[in-house]
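Trainee: Take the sequences, apply the hints, and build the full model.
Under the working numbering, think of the first position of the sequence shown as 142, with each following residue one higher.
Read the hints as simulated data drawn from the structure, not as lab findings. Just to be clear, a hint being listed does not mean it is correct.
Here are the computed lysine-lysine pairs in the DSS-like style, where the Cα-Cα straight-line distance is at most 27 Å [claimed, not checked]: (1) LYS299 <-> LYS423; (2) LYS247 <-> LYS512; (3) LYS299 <-> LYS247.
Quick caveat: nothing in here was measured; it's all calculated off a predicted structure.
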Amino acid sequence: MTETKRHKMAKEMEAHLKQNILPYWINKMTDPAGGYYGRRDADDTLHADAPRGAIMNARILWTMSAAYRLTGDQNYLQAASHAYDYIVRRFIDPEFGGVFQAVDSKGIPLDTKKQFYALAFMIYGLSEYHRASGDQSALNEAIALFRLIEKHSRDREKGGYFEAMTRDWKPVDDMRLSEKDANSCKTMNTHLHILEAYSALYRVWPDETLREALTSLIVLTLNKIVDSKSGHLGLFFDRDWNREDGDISYGHDIEASWLLLEAAQTLGDTAFFDVVKTATGKIADAALEGRCFDGSMIYERHRSGSYDNEKHWWVQAENVVGQLYLWKFHGLEGFDDKALQTWEYIKEKIVDNQNGEWYWSRLSDGSVNLKEDKAGYWKCPYHNGRMVMESIRILQN
Numbered sequence: 142m143t144e145t146k147r148h149k150m151a152k153e154m155e156a157h158l159k160q161n162i163l164p165y166w167i168n169k170m171t172d173p174a175g176g177y178y179g180r181r182d183a184d185d186t187l188h189a190d191a192p193r194g195a196i197m198n199a200r201i202l203w204t205m206s207a208a209y210r211l212t213g214d215q216n217y218l219q220a221a222s223h224a225y226d227y228i229v230r231r232f233i234d235p236e237f238g239g240v241f242q243a244v245d246s247k248g249i250p251l252d253t254k255k256q257f258y259a260l261a262f263m264i265y266g267l268s269e270y271h272r273a274s275g276d277q278s279a280l281n282e283a284i285a286l287f288r289l290i291e292k293h294s295r296d297r298e299k300g301g302y303f304e305a306m307t308r309d310w311k312p313v314d315d316m317r318l319s320e321k322d323a324n325s326c327k328t329m330n331t332h333l334h335i336l337e338a339y340s341a342l343y344r345v346w347p348d349e350t351l352r353e354a355l356t357s358l359i360v361l362t363l364n365k366i367v368d369s370k371s372g373h374l375g376l377f378f379d380r381d382w383n384r385e386d387g388d389i390s391y392g393h394d395i396e397a398s399w400l401l402l403e404a405a406q407t408l409g410d411t412a413f414f415d416v417v418k419t420a421t422g423k424i425a426d427a428a429l430e431g432r433c434f435d436g437s438m439i440y441e442r443h444r445s446g447s448y449d450n451e452k453h454w455w456v457q458a459e460n461v462v463g464q465l466y467l468w469k470f471h472g473l474e475g476f477d478d479k480a481l482q483t484w485e486y487i488k489e490k491i492v493d494n495q496n497g498e499w500y501w502s503r504l505s506d507g508s509v510n511l512k513e514d515k516a517g518y519w520k521c522p523y524h525n526g527r528m529v530m531e532s533i534r535i536l537q538n
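Mentor: The structure is reproduced here in structure tokens:
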């Protein structure tokens, strides 16, 4: 891809962020009484009484904060502050610390289980908000959550992090993040996003205990979660790191390939970065087994050998960033063009140009998925917003 084409792609993505993604959340999902509504369905109908998830709100906080840092537009900082104020008032547990998993539309706690995945995303959002606003209280909250994860989730004997505990930090039988997940005590997904959160926090708080935790987590991911033979990530594990699944998630593979490298880059150790670069190149190569001729990426391969060919919005977004990393940091020619092809697929097949935001997916028969939400507990402006902002950063540097 020529420099002119890369510049054009970056400008087009920035316009998409400003004209499609962010206005949807500011104009259609902002609750004037506080925070953000919990759900809009596939028909773009608002469900004002829907529960509100900590993960969604933390992701909104991150996205709006990052958008302000990219553009300098005060409207985005205001939207981030709107999210932050609600998080502090409604999601931070005032008695035991940590965050509630979900509250109702009035802000009353619904799910008080301490899911460390949710704590990680709060660290992610709070760190970026501090970076954007300079608000010290946000950084203090992020540091407090980091210390709670290290105290209650980190397995000092076997390595890694446990999934969940009760509100008052006691063992819990059901550790699942969602109904579709296995009830395993350690998962790839939680480890990947604790890593992401620690990277974000380290940028604004380069503490030695955090550096040790982040370094250890990168090494553990490469040694325990990544299959050394296939390059794919395992999904579910017992405490001793025996794998409890046989599926492959192509979206998580490609996402991990760049998040791990970003984390290593954040630490500023050149030799360590080079080691991680080699390892993440293999992960990305494995992930690309799920890439289709049109630039899209399928969801997963099951243990049985069958494929789930649904084209999820978030998988396409991570595919763009992963391919740009292969071009930019691994020096693989042509992957900027491949990323552009994926972006063209997204614009044609995933973006809702009429109502804003992105559809959940294209089903295996090619039709738009009209059963899943446009905005909700898991559908946030995080994967697509981050894709745009990370792509701009890579394409313009």
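Trainee: Take the hints in turn and mark each one as holding or not.
Mentor: Now the hints, each set against the structure:
1. LYS299 <-> LYS423: Judged against 27 Å, a Cα distance of about 26 Å means the pair holds.
2. LYS247 <-> LYS512: This hinted pair holds, its Cα atoms lying about 26 Å apart.
3. LYS299 <-> LYS247: At roughly 41 Å apart (the allowed maximum being 27 Å), LYS247 and LYS299 break the hint.
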